[in-house]
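**Student:** Dock chain B against chain A, hints included.
Number of protein chains: 2
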Amino acid sequence: MAINYTEDIQIEKSKTSKIANVDFNNLAFGRVFSDHMLVCDFKNGEWQNPSIVPYQPVTLEPSAKIFHYGQSIFEGMKAYKDSDNNVFLFRPVDNFNRLNISAKRLAMPELPEACFMNGLKELIKLEKDWIPTSEGSSLYIRPFMFATGQGFHASPANAYKFIIACAPSGSYFSGKVKVLIEEKYSRSANGGVGFAKAGGNYAGQFYPTQLANNRGYQQVIWTDDNTHEYIEEAGAMNIFVRINDTLLTVPTSDRILDGITRKSILTIAEAEGIDVEVRKIKVAELIEASENGSLKELFGAGTAAVVSPISGFGFKGKDYELPELENTYGALLKKRITDIQTNKSDDPYGWRVKVC
Amino acid sequence: MAINYTEDIQIEKSKTSKIANVDFNNLAFGRVFSDHMLVCDFKNGEWQNPSIVPYQPVTLEPSAKIFHYGQSIFEGMKAYKDSDNNVFLFRPVDNFNRLNISAKRLAMPELPEACFMNGLKELIKLEKDWIPTSEGSSLYIRPFMFATGQGFHASPANAYKFIIACAPSGSYFSGKVKVLIEEKYSRSANGGVGFAKAGGNYAGQFYPTQLANNRGYQQVIWTDDNTHEYIEEAGAMNIFVRINDTLLTVPTSDRILDGITRKSILTIAEAEGIDVEVRKIKVAELIEASENGSLKELFGAGTAAVVSPISGFGFKGKDYELPELENTYGALLKKRITDIQTNKSDDPYGWRVKVC
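If you read the protein sequences in the order shown, they are chains A and B.
Numbering (the working numbering) for the first sequence: 1 to 356.
Numbering (the working numbering) for the second sequence: 1 to 356.
In short, the hints are calculated from the structure, not lab data.
A portion of the hints provided could be inaccurate.
A pair holds if it fits inside one copy or across any two, identical chains being indistinguishable in the list.
For lysine-lysine, the following DSS-like pairs were computed, each having C-alpha atoms within a straight-line distance of at most 27 angstroms [as the list claims (entries may be wrong)]: (1) 282 <-> 184; (2) 318 <-> 335; (3) 184 <-> 280; (4) 334 <-> 354.
The structure presented is a predicted model; accordingly, all values stated were derived computationally and were not measured.
Bound conformation, chain A alone (with noise of 0.2 angstroms):
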């Protein structure tokens, strides 16, 4: 019989709440956990056993393929909290296509949008008092996926999970981010899974970080693999530019992610009558545009990091400042966006869904 992921998600509540040792006016991004998340498991070429948990514990045979070959995707999104308690998610539907996008890429079973969107509401019903209210929090919400199946043969598992689980957050980087545009190492190759939200293309970059992180930059710019010559994305934002009153931003591609927060702020701009363009951009480009004072902004985009300044970038050896801007796209952009997403404002484009 079919499986009913909105009938059939069975619900098993926690008997104690973790959540007043949590305080909700000092959090940290992703590090404390609320009381429930979602689980699903595929076997037997389906996805099966919805159901709501206390949060706790996943146990895995050692040859599980998520040890071994890198079968892992997940997404980000936010709960968020009005003045009334009416919660509300982001584009939802957005993270799941994007979910099966990333599933499909890395030979990972696709799940049924019931099952996501159903157990996402559920859940987030459920741990709707751990959505925090203070400026610049919410309540941060990890999808993911992984291979269960066993061996140690380097194809495809024949058993996955998948969790939902919720993390009370406050913002994801603290103080000034001043990035590094990489000149050796690459996030991504041609043809290759940087579109994807997949576990490897995060580990590969944490290395190339640190370095910079040593050297006093907070993230790394990407350039394409073959050049190095065009910027792509920062691993966990994509990177907007301003060059006068033009506000820019590089295409999406298999190497670069389709964020939701990007395009929701290339909708957002366009309505405000800000002049934007989609291409490619050198970092020959940037540098010419700093030297001549026509580089005004330069913010990165990004669920976790919503709309995050850039304060100077590094290339070569040198260093270049942003100017201190008073009325940035940036600062509008963000305002713009929140607004939606914490109902300050009007929803023209239908973005936010109303949970409870």
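**Tutor:** For chain B alone, coordinates are given in the frame of chain A:
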């Protein structure tokens, strides 16, 4: 006090053995696992508690970074038994060194040599009866390391687990191996992690390999991500080409694994007086050599696959057959390397390491 990785290995023996249930004459590759495994944990900046325990599940927090950010690496080795029941490993220090090369690139903690080597030897001594002796079989050994530290922030974990597990295994391939030379997808980027045995490198290959499988090819030969004009490696093995009487393979790079079987074959081939060239190989050169009859052999080399002859390759919709020769380089080199591994010949290179 400093940990002594020789004296401090705790051994907890399994109360029962699964060995009677295993048909050692009909072994698949990496499907059944021996009675024990080595486990060591990295926490508080140190690898600690090396222990051999019954093969058993691993329990992890849902926020363990292995699930989210792909920090996982592995090695592949084999143990062999000679006719006097002496047990040998093949160049194990090379696996140890490569594990640490992978660890560094993925921002994971390097392992002390004594921890790896003593743990490995103690485990293999205990699992001696699990080493198959039939032709083409061996005890496949899988050292692997993954992130157990928690958090939804994209940064390296602060805790890791290292495990060595064993699987008595038959041949990696069954039947003829036909390969597809890839012209769209890629395995790795310049400046990426292709040279590391990182989990994520494998997951990214599965979907293109499935597409190739659907067209009747068992493996993909990857090409450079920029032009797809040069062959690289086959994911589970390095590639060797014989044109007339010259044996060719491509140089290792940051995109190509430094295979232990690959470099052993290069050494043996030179000792056999075979003309060897390590240089870039164009797909066009392969096709021209196939068309003019100078392409004599194509074979893969790797720990799991040993030396696997390739019967044909596809490129741009056309299939190219390899001739069926007697006295191939592949067969000769396979005999020489397995004779050293199984103590059937002298070992002038000091590659064989006696365990017990």
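**Student:** Tell me, please, which holds for residue 184 and residue 280 at an alpha-carbon limit of 27 angstroms: within, between, both or neither?
**Tutor:** both (19 angstroms within a copy, 21 angstroms between copies)
**Student:** Checking residue 318 and residue 335: alpha-carbon separation at most 27 angstroms within a copy, between copies, both or neither?
**Tutor:** Neither, since 32 angstroms and 56 angstroms both go past 27 angstroms.
**Student:** With 27 angstroms as the alpha-carbon cut-off, assign the pair residue 334 and residue 354 to within, between, both or neither.
**Tutor:** within (21 angstroms within a copy, 64 angstroms between copies)
**Student:** Check residue 282 against residue 184 for me: Cα-Cα at most 27 angstroms, and say if that holds within a copy, between copies, both or neither.
**Tutor:** Both: 16 angstroms inside a copy, 25 angstroms across copies.
Of the numbered hints listed earlier, the single one contradicted by the structure is hint 2.
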